[in-house]
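Participant: As they're listed, the protein sequences go chains A and B.
Here the first sequence stands for residues 1 to 357, where the numbers follow my numbering.
Here the second sequence stands for residues 358 to 783, where the numbers follow my numbering.
What the hints contain is simulated information worked out from the structure, not anything from laboratory work.
The beta-carbon is built from N, C-alpha and C at its ideal position, and this holds for glycine as well.
There could be a bad hint or two in this list.
[As the list claims (entries may be wrong)] Facing chain A, according to a computed beta carbon distance under 8 Å, are these residues of chain B, among others:
{"hint": "1", "residue": "Ser-412"}
{"hint": "2", "residue": "Ile-452"}
{"hint": "3", "residue": "Ser-701"}
[As the list claims (entries may be wrong)] Keeping only pairs whose Cα atoms sit at most 27 Å apart, straight-line, the calculated DSS-like set for lysine-lysine is:
{"hint": "4", "chain 1": "B", "residue 1": "Lys-780", "chain 2": "A", "residue 2": "Lys-150"}
{"hint": "5", "chain 1": "A", "residue 1": "Lys-150", "chain 2": "B", "residue 2": "Lys-588"}
{"hint": "6", "chain 1": "B", "residue 1": "Lys-530", "chain 2": "B", "residue 2": "Lys-459"}
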Amino acid sequence: MFYRAAGIRHVSYLQTRQLWPLPFDRALLAFIALLFVSAPLWVSPLVLNTYLMPWLLWTSAALGLNLLMGGAGQVHLGYGAVMGIGAYGSVHIMRAGVPFELALLLGGLLAAVIGTIFGAAALRVKGLYLAVSTLALQYLTDFVILHVPKISGGTQASLQVPTLRLLGQPVTSDTGVYFVALAFCAVLTIFMLNVKRTSFGRALAAVREKDYAAEILGVSAFRYKLLAFWVSSFIGGVTGALYAFCYYKAVSPEQFHIELSVQLLATVIVGGLGRVLGCYFGAALILIAPMLLNRALAALARGHGSVIGTDLVTHAPLILYGGLIVGFLLFEPLGLAKMYENLRNSLLVWPFRHTRR
Amino acid sequence: MTLDRRQFVATGLGATLATTLPLFPGIASAQERVVKFGMCQDFTVVYTFVTAEYSQGQRDYFTLVNERGGVAAPGGGWKIAADIVDTGNAPQRGIEAYERFKREGVILVDPLSTPVSRALVSRALQDKINLVTIVSGRSDAADGSAFPYVLPLSPSYWSQAAILVEYMAQQDKDLKGKKIAFVHIDTAFGREPLPLLQELAKRRGFELLPFPYAPPGNEQSAAWTQLRRAKPDWTMIWGGGVGQTVSVKEALRNGIPADRIASVVWLSESDMKVVGNEQAKGVVKVEVAASGREPKILQDIVREVVGKGKGAGPQELVGTTYYNIGVMAGAIMVEGVRRALEASKGTSVTAEGLNEALRSIKGFTAEGLIPPLNTSKTDHQGGGMARIAQWDGKRWAAKSDWLAADQDVVFQLIHASSAEFKKTGT
């Protein structure tokens, strides 16, 4: 049903290499893209700039981390710090008078340089050991930001972010800022969808599966491990900067603490390692679900004010949230994206299940 | 993985459930004559019981006001409606709650969290919504000309540190040549008093010995071993939550006399119970509102709210430190509403009106609960007065009168920091 594969014949190489060979997939995607683009028309500004925009930016961050974790198989526990370096870097660079576009790129480059230096640990260690080495990046970044008033912004450790200016035009409206985030996320998504099909992506996959086997095949593990950290840290840095410019409007150290790193890790894992769609689902669950649960409980409490106490209203969302994460992972350990894939696979042949395999 | 029918149905159900979640409506009460406050506070991560007790005091006070018919005004009283949301101390959840409040007509937001309030500053200034940051938030917001809508309305951390030093000077007659150890959590909040203390060290001639410990502070032994070697005359502890009890315990273990341990405002009856009521006898701290049930306002709450079973939490917490700070916050907010109504002749309370009112409070003491609060367009701190309280084994007993100290140095720092904000803030 829906995903009808009958009658599709590939007559050219270009056609076989399409990202979405099924017409239904393309239509669905076009519809979703349309929904995103038209969101400012039918969604309230509240939803637009407190749910949709942060969701897109988190998805972007998760995509960057996913390239490293799902694509190249390298664990990173300091991705929040990488975003922080990008944010602080670009804010300071822009305050020094550099235009926004350049400041964004320079912030990303700064994050890429520092991220790659710490990523170099990946050349020697793997798995949990690498996780601990990247954790060092997190703590060192926190420490440096906090202890250098020039970076943190003085005794109050709060740094005001200059107005976002695209090509000299100030972007301040909810809609404008949303489109900046949307454009970035869209470009990144297209990049991620295609990167797996490039020599770079295949080299990362080879390194992920077995680095010395990759070396024997002629893929330099040294080069591609560092490149993976470089690309992923650059994306993290730019995302962190956009997060500051579009959303926070004032950066302070606790915005990029270990909590963010762990949450992003959870986003990638719950969404599904190596899956682009998983980042969207994961970010929705990890970032948006607690807010909505909170809202739902608060709405419920307002109806039955005396029955539900504040303690319950404030703690119950956490319980539900934890339950959701555990529940989804028990139901499908490969992540939320895999759940969608299962649904799609079963719809591909439904109602003739016996035709599969 | 193949999908059997049961799994298929469950997936479908799960997906449907996920899509219906965002549809929960935010029910807005459309009653007339209601002033809406938004309390987006941290009940679950860092502040936890501090927020719970603070919020209990605040809500009990609002109940008291509402039970008496609301804030009096010609044509009928105005009720206070406070919406409570947990932020888990996460800036993005604070922003989410704030944005929602803004659209629900909330005119005052109280995050009781430094990280969240710092993230809200630029939005509050832009949207003209009163951001009350009693005993939290940016100290430099005391400069009302730079932060018109950010209202600390309480002695800043700088003022608190100055008062502690003043108390030490009073006890020792002279601080010249003395050593003051400053044991602090290594975060922005813990490091904040450093520039002030350095300045005071120059002025009063004492030697400042800072000892940072890593957050969250349940492991501080390294700092205290060093401190013992330095043999300080006074030990000032600066932290919050679990770090504070660990600090007091470590200080006592390292042979610091209890009455030479001086703390920031964040030390409560519950903390003392953890340390040991008897062992902690003599510890002093800054107190921004009287503790205990003696102040008239507390007696009213006990009689008219708690006594009638309308209290918002456990009865034994009524009159404790954080509870009373909550009452103080509630009382100042309500005083603002009362003055705003006075100005508008009872017709309306807008964010602007409330702002005007909160920035022109004169001599407000909440019936003896707090020192006189005098705010102005340039001073949002309101005098910077607090007092020293000492733990006597059962309760925090007042050890000094309400006092303010070295406000010139405090305001020097405030203006230096706010000038920077004015210059670069957008």
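Participant: Work down the list of hints and note, for each, if the structure agrees.
Facilitator: Verification of the hints:
1. Using the Cβ-Cβ criterion of 8 Å, the hint placing B:Ser-412 at the interface with chain A is satisfied: the shortest such distance is roughly 7 Å.
2. A hinted interface residue such as B:Ile-452 counts as satisfied when its beta carbon comes closer than 8 Å to some beta carbon of chain A; here the least separation is about 7 Å, so the hint holds.
3. The beta carbon of B:Ser-701 comes no nearer than 28 Å to any beta carbon in chain A, farther than 8 Å, and the hint placing it at the interface is violated.
4. For the hint pairing B:Lys-780 with A:Lys-150, the CA-to-CA distance comes to about 15 Å; that is within 27 Å, so the pair holds.
5. Among the hinted pairs, A:Lys-150 with B:Lys-588 is inconsistent with the structure: their alpha-carbon atoms are about 33 Å apart, more than 27 Å.
6. Simply put, B:Lys-530 and B:Lys-459 have alpha-carbon atoms about 51 Å apart, too far for the 27 Å limit, and the pair is violated.
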